[in-house]
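Visitor: Those protein sequence lines, which keep their order, are chains A and B.
Just so we're on the same page, my numbering is the position in the first sequence counted from 1, plus 1227.
Just so we're on the same page, my numbering is the position in the second sequence counted from 1, plus 969.
One thing to keep in mind: the hints can contain errors.
[As the list claims (entries may be wrong)] Now the in silico label distances, taken between C-beta atoms and shown as ranges:
no., chain 1, residue 1, chain 2, residue 2, range
1, A, Pro1284, B, Tyr1020, 33 to 43 Å
2, A, Ala1414, B, Asn991, 16 to 26 Å
3, B, Asp1258, A, Pro1284, 18 to 28 Å
4, B, Glu1306, A, Ser1337, 49 to 59 Å
[Unchecked claim] EDC-like cross-link-like pairs, simulated, lysine to aspartate or glutamate; straight-line CA separation at most 20 Å:
no., chain 1, residue 1, chain 2, residue 2
5, B, Lys1004, B, Glu1180
6, B, Lys1068, B, Glu1019
7, A, Lys1410, B, Glu1145
8, B, Lys1338, B, Glu1189
9, A, Lys1315, A, Glu1341
10, B, Lys1069, B, Glu1105
11, A, Lys1476, A, Asp1425
12, B, Lys1259, A, Glu1461
13, B, Lys1129, B, Glu1145
14, A, Lys1340, A, Glu1359
15, A, Lys1233, A, Glu1438
16, B, Lys1259, A, Asp1301
17, B, Lys1329, B, Asp1349
18, B, Lys1069, B, Glu995
19, A, Lys1302, B, Asp1258
20, A, Lys1410, B, Glu1299
21, B, Lys1129, A, Glu1461
22, A, Lys1302, A, Glu1333
[Claimed, not checked] Chain B residues, not near chain A, derived (Cβ > 12 Å throughout):
no., residue
23, Asp1006
24, Glu1012
25, Lys1136
26, Ser1140
27, Leu1192
28, Glu1235
29, Ile1288
30, Glu1306
Bear in mind the hints are in silico, worked out from the structure with no lab data behind them.
All C-beta atoms in this analysis are idealised placements derived from N, C-alpha and C, irrespective of residue type, glycine included.
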Amino acid sequence: MSNIRKAFENGKAFIPFITCGDPDLGTTAAVVRAAAENGADLIELGIPFSDPTAEGPVIQGANLRALTGGVTTDKIFGLVRELRRDVKIPMVFMTYANVIFSYGAEAFLSACKEVQIDGLILPDLPFEEKEEFLPFCRKYGVDLISLIAPTSQNRIAMIAKEAQGFLYIVSSLGVTGTRSEIKTDLASIIKVVRENTDVPCAVGFGISTPEQAKKMAALSDGAIVGSAIIKLLEKYGEEAPEHVGEYVKAMKTAMVNRMNTDILYILPPYPSAGNS
Amino acid sequence: MTNPNGRFGVHGGQYIPETLMNAVIELEEAYNHYKNDAGFNKELTELFNEYAGRPSRLYYAGKMTEDLKGAKIYLKREDLNHTGSHKINNVLGQALLAKKMGKTRLIAETGAGQHGVATATAAALMGMECVVFMGEEDTVRQALNVYRMRLLGARVVPVKTGTATLKDAVSEAMREWTSRIGDTHYCLGSVMGPHPFPTIVRDFQAVISREIKEQLKEKEGRLPDAVLACVGGGSNAMGSFYHFIEEKNVRLIGCEAAGRGIETFETAATIATGRLGIFHGMKSYFCQDKYGQIAPVYSISAGLDYPGIGPEHAHLHDIGRAEYVPVTDEEAVDAFEYLSRTEGIIPAIESAHAIAHAMKLAPAMGRDKILVITISGRGDKDCAAIARYRGEDIHE
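Chain A with its partners taken away, still in its complex shape (with noise of 0.2 Å):
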């Protein structure tokens, strides 16, 4: 059974995403601990890439800082290794396919294997195209974890029946940031990928309240958040691993009293609504 089911196994799962080495891979190592220690089942960990097509400013801008900080593939799988002494909960990688391409399919997929990354996300490649990685996917165990969009209609039961470790659901049209107001019909979305797989379904894109991560987590398995938690990198820098730690607390307590309305007044501040 792929690791990434015990993400799924402790109520609705939270799924913070880390551009690694935004501002530097040390504050990279301890965000991921706060999260960790915090609530988080699953870290999603994003390898910038000079031109992320799928991403809004905000994640732009993280992949930006990291590049200029100097961080590489290397050094990241370097980091993972060390994270690995201590942090069980399962990890991916989200990254762009020419980062992998360029890197050779093979070798960074046995460095996944080996630094225990659990698997891959990535925007830029559909499922028509995903024969490019999957062999050796399959070859080191590391899940290729499928994206479903708004626009997905008729493909939603082809993708969701070859699904690994999770489904990816993208809540909205457009590229990854912060939004007021979700409006897609995932429900009806989500009942097409369970009739097809009993794989675990996640929604990212847009999510940064506790009341969205609340709803999203009520609709599906889980709540992925990039763009609310860049905001705090990019707001704190070196100091953000205490910042992340409350708001993922936050967030995740909302997700799992999703019956109790009380619980949002207690919470510390978190990052506003809508697009910065």
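Since the structure of chain A is already known, use the hints to place chain B on it.
Guide: Structure of chain B alone, referenced to chain A:
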């Protein structure tokens, strides 16, 4: 040349977000339907002839031929098309297709501004909304074209991310398309991006080589010995090569922008300095670092300032059917000035890259040989930048 999943050898494919998959599938289905539709083709031919001014001239450059003392030189005058470049061929095709598909809004990327101007023109003609993404750096280099687009009713969005040039404009146009698909067609300007764009754009530009073949047959009764064109993404080159690919005795030569030289980092010569990679929806050759980060390329020509090359060119290179040569800024500027003085034709700085290589090649060829150079666009837009390059500060 295309196999069913949009591959040219190992190149091509559809490396795009899931959000766009149904949009490109819908586009492919519409294109496959309309490309053989008599009504569509009649309408397009009428637009080509009556609106864009086709067929473009195949001009015998007598003075250049005499001066270089070698092969007979013909210029394929795409610069004489309406809007001043070959870009209008593709844009009229895609805009008409988008309209048939029920789209009401066109978005486009542009480097030098030629594709943006062409898209804005087609949008005005067909009553469609138009938004053009242009690197901020290029909006400065090509200020006149920015004004032309606005005049035509388009909104120009300066792109500030990355190197603020063509590749960033493409990225931003793709981002915009993922956020608004229902009413919007992404009118991609070159033979690049995800399938079916490289095929669609090539087919609409193939009118160039079809005409060259007919016109040269009429003038000389035979095929050319070589066809030269500049290559950024490669649409005018692909259009110039296409009907000659099966004519094995015709040399096909693409001229890449070497910027300050292929031994420097300030270059955009993809075949000379790039590696196989995956970017902007396609597998092809890209200028990139050891870890696959896309290189911040450079060329004096905003239209060739792109770190990749279309997948069909990458394939023609692999199988040895076409040759790709680097041409520096300095050589291109010399050629820009040379053609202006020798033939009274001011070429786009992009096209000047092809002229520059022809100036090296022609003298080494016999006088019985024939060389065709595609002048992809006119050079009015470049005058201020070339003056600056020569140390003269003029204002538009």
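Visitor: Look at each hint and say if it fits the structure.
Guide: Quick rundown of the hints versus the structure:
1. Our hint of 33 to 43 Å for Pro1284 (chain A) and Tyr1020 (chain B) holds, since their Cβ atoms are close to 39 Å apart.
2. At roughly 20 Å, the beta-carbon separation of Ala1414 (chain A) and Asn991 (chain B) lies within the given 16 to 26 Å, and the hint holds.
3. Evaluation of the 18 to 28 Å hint for Asp1258 (chain B) and Pro1284 (chain A) yields a pass: the beta carbon distance comes to about 24 Å.
4. Checked against the hint of 49 to 59 Å, the pair Glu1306 (chain B) and Ser1337 (chain A) passes, with Cβ atoms roughly 55 Å apart.
5. Proposed proximity of Lys1004 (chain B) and Glu1180 (chain B) is supported: the alpha carbons are some 19 Å apart, at most 20 Å.
6. Proposed proximity of Lys1068 (chain B) and Glu1019 (chain B) is supported: the alpha carbons are some 19 Å apart, at most 20 Å.
7. The straight-line distance between the Cα atoms of Lys1410 (chain A) and Glu1145 (chain B) is roughly 18 Å, inside the 20 Å bound, and the hint therefore holds.
8. In summary, the hint linking Lys1338 (chain B) to Glu1189 (chain B) is supported, as the alpha carbons are separated by about 11 Å, within the 20 Å threshold.
9. About 14 Å separates the Cα atoms of Lys1315 (chain A) and Glu1341 (chain A), which keeps this hinted pair within 20 Å; it holds.
10. At roughly 33 Å between alpha-carbon atoms, Lys1069 (chain B) and Glu1105 (chain B) are farther apart than 20 Å, so this suggested pair is violated.
11. As the CA atoms of Lys1476 (chain A) and Asp1425 (chain A) are separated by approximately 28 Å, the hinted pair breaks the 20 Å bound.
12. Restraint check: the Cα-Cα separation between Lys1259 (chain B) and Glu1461 (chain A) comes to about 27 Å, which exceeds 20 Å; the hinted pair is violated.
13. A C-alpha spacing of about 15 Å is found between Lys1129 (chain B) and Glu1145 (chain B), which places the hinted pair at or below 20 Å, so the restraint holds.
14. Between Lys1340 (chain A) and Glu1359 (chain A), the direct Cα distance comes to roughly 18 Å. Compliance with the 20 Å bound is thereby established for this hinted pair.
15. Simply put, Lys1233 (chain A) and Glu1438 (chain A) have alpha-carbon atoms about 24 Å apart, too far for the 20 Å limit, and the pair is violated.
16. Of the pairs offered as hints, the one joining Lys1259 (chain B) and Asp1301 (chain A) holds, with about 11 Å between alpha carbons and a cut-off of 20 Å not exceeded.
17. A C-alpha spacing of about 25 Å is found between Lys1329 (chain B) and Asp1349 (chain B), which places the hinted pair above 20 Å, so the restraint is violated.
18. Only pairs whose Cα atoms come within 20 Å are accepted, and Lys1069 (chain B) paired with Glu995 (chain B) is accepted, the gap being roughly 12 Å.
19. Restraint check for Lys1302 (chain A) and Asp1258 (chain B): satisfied, since their Cα atoms lie roughly 15 Å apart, inside the 20 Å limit.
20. Under the criterion of a C-alpha separation no larger than 20 Å, the hint pairing Lys1410 (chain A) with Glu1299 (chain B) is inconsistent with the structure, at around 54 Å.
21. Distance hint between Lys1129 (chain B) and Glu1461 (chain A) is fulfilled; the C-alpha atoms sit about 19 Å from each other, no more than 20 Å.
22. Pair hint Lys1302 (chain A) plus Glu1333 (chain A) holds up; C-alpha atoms about 18 Å apart against a cutoff of 20 Å.
23. Listed as outside the interface, Asp1006 (chain B) is consistent with that label: its C-beta sits roughly 25 Å from the nearest C-beta of chain A, beyond the 12 Å cut-off.
24. With a closest Cβ-Cβ approach of about 29 Å to chain A, Glu1012 (chain B) is found to remain outside the 12 Å limit, as its non-interface label requires.
25. The Cβ of Lys1136 (chain B) sits about 7 Å from the closest Cβ of chain A, inside the 12 Å cut-off, so the non-interface label is violated.
26. The beta carbon of Ser1140 (chain B) sits about 5 Å from the closest Cβ of chain A, which is not more than 12 Å, so the claim that it is off the interface is violated.
27. The claim that Leu1192 (chain B) is not at the interface with chain A holds, since no C-beta of that chain comes within 12 Å of its own (minimum 38 Å).
28. Every C-beta of chain A lies more than 12 Å from that of Glu1235 (chain B), the closest at about 17 Å, which supports listing it as non-interface.
29. The beta carbon of Ile1288 (chain B) is kept farther than 12 Å from every beta carbon of chain A, the shortest such distance being approximately 21 Å.
30. The beta carbon of Glu1306 (chain B) sits about 35 Å from the closest Cβ of chain A, which is more than 12 Å, so the claim that it is off the interface holds.
Hint check: violations occur at hints 10, 11, 12, 15, 17, 20, 25, 26; the rest are consistent with the structure.
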